[in-house]
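Q: Here are the chains, one letter per residue:
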Amino acid sequence: MGSNHEVHIEVNGELRTCTTEARTSLADFLRDQLGLTGTHLGCEHGVCGACTVLLNGTPIRSCIMLAAQADGQSVTTIEGLSGPDGELNGVQEAFCKTHALQCGFCTPGMVLAVQALVDNVPEPTQQDIDDAIGGNICRCTGYVQIREAIELVLGDVAKVRTSDDATVGAR
Amino acid sequence: MKPVDFELHRPETLSEAIALLAEHGEDGKVLAGGQSLVPLLNFRLARPEHLIDLGRIASLTAIRRTPQRLIIGAMVTHAQAERSVAVAQGAPLMARAFPHIAHQAIRARGTVGGSIAHGDPAAEMTAVAVALEAIMVAVGPRGTREIPARDFFIANLVTALDHDEVLTEVRIVPPAGPTGAAFEEVARRQGDFALVGAGAQVRLAQDGTIADIRICLTGVSATPHRALEAEAVLIGHAISPESTQTAADATRDVLNPSSDLHATADYRRDVAGTLVSRVVKTAVQRATFDTTSAA
Ligand SMILES: Cc1cc2nc3c(=O)[nH]c(=O)nc-3n(C[C@H](O)[C@H](O)[C@H](O)COP(=O)(O)OP(=O)(O)OC[C@H]3O[C@@H](n4cnc5c(N)ncnc54)[C@H](O)[C@@H]3O)c2cc1C
Ligand code: FES
Ligand code: FES
Chain S
1 MGSNHEVHIE VNGELRTCTT EARTSLADFL RDQLGLTGTH LGCEHGVCGA
51 CTVLLNGTPI RSCIMLAAQA DGQSVTTIEG LSGPDGELNG VQEAFCKTHA
101 LQCGFCTPGM VLAVQALVDN VPEPTQQDID DAIGGNICRC TGYVQIREAI
151 ELVLGDVAKV RTSDDATVGA R
Chain L
172 MKPVDFELHR PETLSEAIAL LAEHGEDGKV LAGGQSLVPL LNFRLARPEH
222 LIDLGRIASL TAIRRTPQRL IIGAMVTHAQ AERSVAVAQG APLMARAFPH
272 IAHQAIRARG TVGGSIAHGD PAAEMTAVAV ALEAIMVAVG PRGTREIPAR
322 DFFIANLVTA LDHDEVLTEV RIVPPAGPTG AAFEEVARRQ GDFALVGAGA
372 QVRLAQDGTI ADIRICLTGV SATPHRALEA EAVLIGHAIS PESTQTAADA
422 TRDVLNPSSD LHATADYRRD VAGTLVSRVV KTAVQRATFD TTSAA
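Protein chains in written order, with my numbering: chain S, 1 to 171; chain L, 172 to 466.
Isolated chain S, as found in the complex (with noise of 0.2 angstroms):
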């Protein structure tokens, strides 16, 4: 039979402690377990990005993680960027702006990459933009808006160096 594991799991700043199975999955745990139902499920296999969660602070595929992986870390879904009224951070803000969005199922996933590299990455160049959502696939916008967002997010686009192979293969 499986086994129970209690967590003890920072979401979105607060301690929640739940009884979990062996064989749920992170997005399952917050999506049936929270109702934090932000986070989409797509494919289930860590193909399409859809269930992109911060891991303390990275992006992780909460389909293909175990809940009781992740007790004793902290973990940001979609729900925990915006205010306390539902006030849109800047990310997402500038997804609105620029019609980042058509039916909206990869834009959780999207916007947690995004904010991702706005917190971890200073003065990302276009390749740091294109491998931040490369792993998110979106079947509506073809991208282009969303990097016209991202430009916008991070302030100046002219300030989006243009990348060389010297960068990307120092990485």
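Take every hint as true, because none was put in to throw you off.
Which chain S residues face chain L? A few, computed with CB under 10 angstroms, are given here: (1) Ile60; (2) Met65; (3) Ala68.
Calculated directly from the structure, the hints in this document are not laboratory data. Yeah, the Cβ is synthetic: ideal placement off N, Cα and C, and Gly gets one too.
Since chain S is already given, all that's left is putting chain L with the ligands on it; use the hints.
A: Just chain L with the ligands, lined up with the frame of chain S:
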């Protein structure tokens, strides 16, 4: 898309993990980053009754460098190794391969040891291990074994690891002298497993000839391919357009890849040759740069 019920164990030491594997025998399976195993669980292609998660064993997450060796703990993530200066210096080919593995979010969880233990001949780390003659250290109830890469990969997804053994670390001998490396792939989509991938690591002698060369290919055979035939053409000489062409042809001659939905055998063979000549040229350029910057 839910896994079959299983029992999860989260040991804090290696000896506990090995005891659990011994206890559960064929019903037990190691869980590392889960980036290959959890998809298989979700599809119910794997149905282990006991999963032994190595995620709490701190001793497996270190990268260490001695004068003779680079030692990468099995639970070092792709992302951690990708950023490591010790890896960039001690295993330049490995460092060049990471950006080709999946996407950032997968590299954040997937591990070097998991990739090698999984034994997929399409995976970059298996090919790098073969090219760099890595030694895999396995610990089990019968003690510790050091398994050279050429004996480690037995067939597609089959390795020399016994079911009750844990891969604990990967050892690589760092290059001595001006060295350059390159990795290139042809994939259907960026981040997918490549149709064919090729890597080369080259060390130059003082006169600019090739003193040491390692070439590997992914996706062309049941086990990761070391392109000894191309290495034999190039070693001891300075490269020229003719020699890289001959090396490419030598590779095409020996390969017998399979056809599938994504590419025919002929296409894979052709791409493999082209990638071999490209990575060799780039690796030599980088080694030359290494010579001049060291001088
Ligand atoms: C969408 C997607 C794209 C991907 N693309 C690529 C790619 O382009 N190239 C690539 O190389 N990989 C790719 N991967 C796989 C990824 O690199 C995995 O990280 C890697 O294959 C397995 O590492 P892991 O730590 O996740 O291992 P797990 O998934 O946890 O384990 C894999 C297997 O190895 C065994 N195992 C793991 N660690 C040990 C150990 N220390 N001792 C004994 N046995 C062990 C497990 O029992 C299991 O059978 C991709 C994955 C996804 C989901
Ligand atoms: S649902 Fe997780 S990657 Fe597609
Ligand atoms: S907006 Fe529809 S999938 Fe991206």
